[in-house]
Amino acid sequence: MKEILEILENNPKIKPEEISTMTGMTQAAVASKIKEMEKKGIIRKYKTVIDWEKAGEEYVYAIIEVKVALRDRKGYDSIAERVAKFPEVRSVRLISGDHDLSLTVRGTSMKEVAFFVAEKIAPLEQVQGTVTHFVLRTYKEDGEILFEKERSERLAVSP
Amino acid sequence: MKKNVQNALLYRREGMAGKFVAEKVRNIPPSGIRKFFDLVLEMDGVISLGVGEPDFITPWHIREACIYSLEKGFTSYTSNLGLLELRELISKCFRKDYCVEYNPKNEVLITTGVSEAADLAFRAIINPGDEVIVPEPSYVSYKPSVSLAGGEPVPLATTLENEFRVTADDIEKSITDKTKALVLSYPNNPTGAVMGKNNLEEIADVVNEYDLAVISDEVYCKLTYNGNHTCFSSISGMRERTIVLNGFSKSHAMTGLRIGYAAGSEEIIGAMTKVHQYAMLCAPITAQMGAIEAMKNGDGEMKKMVREYDRRRRLIVDGLNRLGLDCFEPKGAFYAFPSVKSTGMTSEEFAGRLLKEQKVAAVPGDVFGDCGAGHLRCSYATSREELVEALGRIEAFLDTL
Ligand SMILES: Cc1ncc(COP(=O)(O)O)c(C=O)c1O
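If you're matching them up, the sequences are chains F and S in order. Using the working numbering, read the first sequence as starting at 273 and increasing by one per residue. Using the working numbering, read the second sequence as starting at 104 and increasing by one per residue.
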């Protein structure tokens, strides 16, 4: 199972036939295993890592650190789940250290992102404070290097 | 006088300096790989299955260790034997993986790759005229190294029927009263063959009976796909007779850093060190530092690479068999060794035409010994995308026949 996931994590477009050859499992077994993992939510979705800058789109990303005051016994989940529902928010993580939550927010301008934080996140009752870090450049995303990749400079034939 | 005239005739075409080249060197046949390499160089857009090294770049943590060592100013010679810390790590690894004890102080020698270690081993044990049995198909450097050391390489054919494993019977038939040593090279380049513990035990009996030394090149030991590797010196009674050669080139994708090692009894390692101290002085310190990092923290990345090789292995073996190029299952290293006999072509014809017509490079099997004739060495140390593309091109080529 882990083997299939490892293969898919790096290339969701790969065909079950190919996974079957690479793992030695039958095609039917691969297909049913994948179905099962989709159903169980182990495979959440198939996504594409895009270099939006290269595509000419002016997206602005920011990392927002949020300090939370816990109000009741609901803990962090309630505030985190609430924040997560905004489509502008791309990721929500509970973190250790000075702050409690770390959000990634995407907008089309710095102003838009700044106002989103000021109007939608900061005023929430449990939010004590926020720090906004605008992303200037992304070098690596989800394990994928976005700058020029290294190529092995091997000789074409060697013993 | 007569000899001089002869020489003058012989060397005239090569310019006058040719006469200085020693006969021993002159007599080494040109490398078949080299010939093929020159062909490939002239072409664009070639997908190469001809590469005998990993397509992975050295894992970053190892490169970082090398960089850090440079920053700290580690640029000196080391002890002839190599850094003690590295020898200790290697010794520990032998104990853990194979339950064989080597004293890091005098039974482990760090070398500039397995290549140097093999050369040292031959030079350390061969007297003029001694015969060394070299099972084939095999890596190309053993025979010339034996010759240069003054010995007589005795090639020994292995067969597809026996999955290219060497047998005790075959060895026994090649033994003469001049036989000094046996080369073992499993997992094998170019066939991908491996030897199980029982196979090795049979061989150990013959080795004992005829009092042979064994040079065991185990550089692909971490690249096995069907059970773990058995180190030859872990077979009962073999430790004192065996020089184990190993390195980091394949397991940790460190080919260009040039680092390997030999392990054996104190007497033999001492003799090898004698040669090494004058020929090489020591292995490069930067690579030794990288190797220390590889031994300490390299298992994770290594296993990841091995898993990836395994996937590619299944992909290519399955593909070749489907195309009708019979390919037995290689259980180690990163080579498939399909037969092209069904096409009626020789390896060289097949490889040459495949290169010209479909731009796929694979090395003709007879480069690795006469018994490799009729086969191709296809390295799967290349990306899956390229392997799939190469298989497609091979199919297109076969369709034109
Ligand atoms: C069987 C075998 N031994 C030794 C070597 C050379 O190893 P190193 O890079 O450690 O000199 C190779 C490289 O292709 C090989 O295939």
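Treat the hints as calculated values from the structure; they're not laboratory data. Predicted model only: the values in this text are computed from it and were never measured. The reader is advised that the hints may include incorrect statements.
[Stated by the list, open to error] Examples of chain F residues toward chain S, derived with CB under 10 Å:
1) I286
2) E384
3) R426
Backbone N, C-alpha and C fix where the C-beta goes; we use that ideal spot for every residue, glycine too.
Results for each hint:
{"no.": "1", "hint": "I286", "result": "holds (9 Å)"}
{"no.": "2", "hint": "E384", "result": "violated (37 Å)"}
{"no.": "3", "hint": "R426", "result": "holds (5 Å)"}
Hint violations for this structure: number 2 only, all remaining hints satisfied.
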